[in-house]
Amino acid sequence: EPEVTQTPSHQVTQMGQEVILRCVPISNHLYFYWYRQILGQKVEFLVSFYNNEISEKSEIFDDQFSVERPDGSNFTLKIRSTKLEDSAMYFCASSGELAETQYFGPGTRLLVL
Amino acid sequence: GQQLNQSPQSMFIQEGEDVSMNCTSSSIFNTWLWYKQDPGEGPVLLIALYKAGELTSNGRLTAQFGITRKDSFLNISASIPSDVGIYFCAGQLVNAGNMLTFGGGTRLMVKP
Numbered sequence: 001e002p003e004v005t006q007t008p009s010h011q012v013t014q015m016g017q018e019v020i021l022r023c024v025p026i027s028n029h030l031y032f033y034w035y036r037q038i039l040g041q042k043v044e045f046l047v048s049f050y051n052n053e054i055s056e057k058s059e060i061f062d063d064q065f066s067v068e069r070p071d072g073s074n075f076t077l078k079i080r081s082t083k084l085e086d087s088a089m090y091f092c093a094s095s096g097e098l099a100e101t102q103y104f105g106p107g108t109r110l111l112v113l
Numbered sequence: 001g002q003q004l005n006q007s008p009q010s011m012f013i014q015e016g017e018d019v020s021m022n023c024t025s026s027s028i029f030n031t032w033l034w035y036k037q038d039p040g041e042g043p044v045l046l047i048a049l050y051k052a053g054e055l056t057s058n059g060r061l062t063a064q065f066g067i068t069r070k071d072s073f074l075n076i077s078a079s080i081p082s083d084v085g086i087y088f089c090a091g092q093l094v095n096a097g098n099m100l101t102f103g104g105g106t107r108l109m110v111k112p
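Which chain is which? The protein sequence lines are A and B, in order. In this text, residue positions in the first sequence follow my numbering: the first is 1, and each later residue adds one. In this text, residue positions in the second sequence follow my numbering: the first is 1, and each later residue adds one.
Treat the hints as calculated values from the structure; they're not laboratory data. No experiment lies behind these values; they were computed from the predicted model shown. Hints are supplied without guarantee of correctness; some may be wrong.
[As the list claims (entries may be wrong)] Cut-off 27 Å, straight-line C-alpha distance, at most; resulting in silico cross-link-like pairs (BS3-like, lysine-lysine):
#  : chain 1 : residue 1 : chain 2 : residue 2
1  : A       : 57        : A       : 78
2  : B       : 51        : A       : 42
3  : A       : 42        : B       : 111
4  : A       : 57        : B       : 70
5  : B       : 111       : A       : 57
6  : A       : 83        : A       : 57
7  : A       : 42        : A       : 57
8  : A       : 42        : A       : 78
9  : B       : 51        : B       : 70
10 : A       : 83        : A       : 42
11 : B       : 51        : A       : 57
Sequences are here, hints too, so could you generate the full structure?
See the structure below:
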């Protein structure tokens with residue numbers, strides 16, 4: 001069964017460093033998303049992406065964040081200058097024609113020191 | 001931001017028992033989804049609900065989308081140890097694109 005994949009599974013970085021989290025959505029899906037989950041808390045929406053542009057973003061998704069679909073398969077989240085409070089699990093999700101039905105990847109655990 | 005109130009926060013039950021959890025909101029939702037999350041993994045979609053009043057089953061799981069579009073419940077019948085995990089409801093608001101708003105989760109523990 002097709003699934004969303006994410007790399008790396010874990011990343012440790014120093015505060016102020018740039019990180020890029022990578023995702024390969026399900027191949028025929030059209031909508032792509034990033035969510036995050038701080039340890040012990042609920043999943044929070046960051047951004048949605050459709051037709052090569054951001055369709056919606058939350059207050060969390062400030063100027064330090066950017067997304068890109070550099071080719072036909074990858075979808076990336078970049079954090080330009082990480083802060084301690086960026087430490088969280090970051091989940092990529094994708095959906096097809098039924099845009100509301102989103103399938104999540106296994107996540108990247110980001111730890112900012 | 002919009003809030004989904006999910007209850008209970010945690011449940012500790014005996015294997016074989018039935019389980020019920022629910023979510024409520026002050027806002028109307030287009031779509032309601034139920035996910036299960038195991039430790040260190042991503043949410044796995046269990047059931048998707050698209051119409052008010054809709055009742056949908058997936059094996060031992062049954063979920064309903066409330067008539068008012070402001071609530072949903074998830075039932076698990078005859079629980080087994082592998083049902084352990086955190087269950088999240090998630091809703092898509094009217095006129096809010098495809099953004100999902102998640103509930104706080106229900107942590108389910110099953111005693112063999």
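- Task: Of all the hints given earlier, name the ones this structure violates by number, lowest first.
- Result: 5
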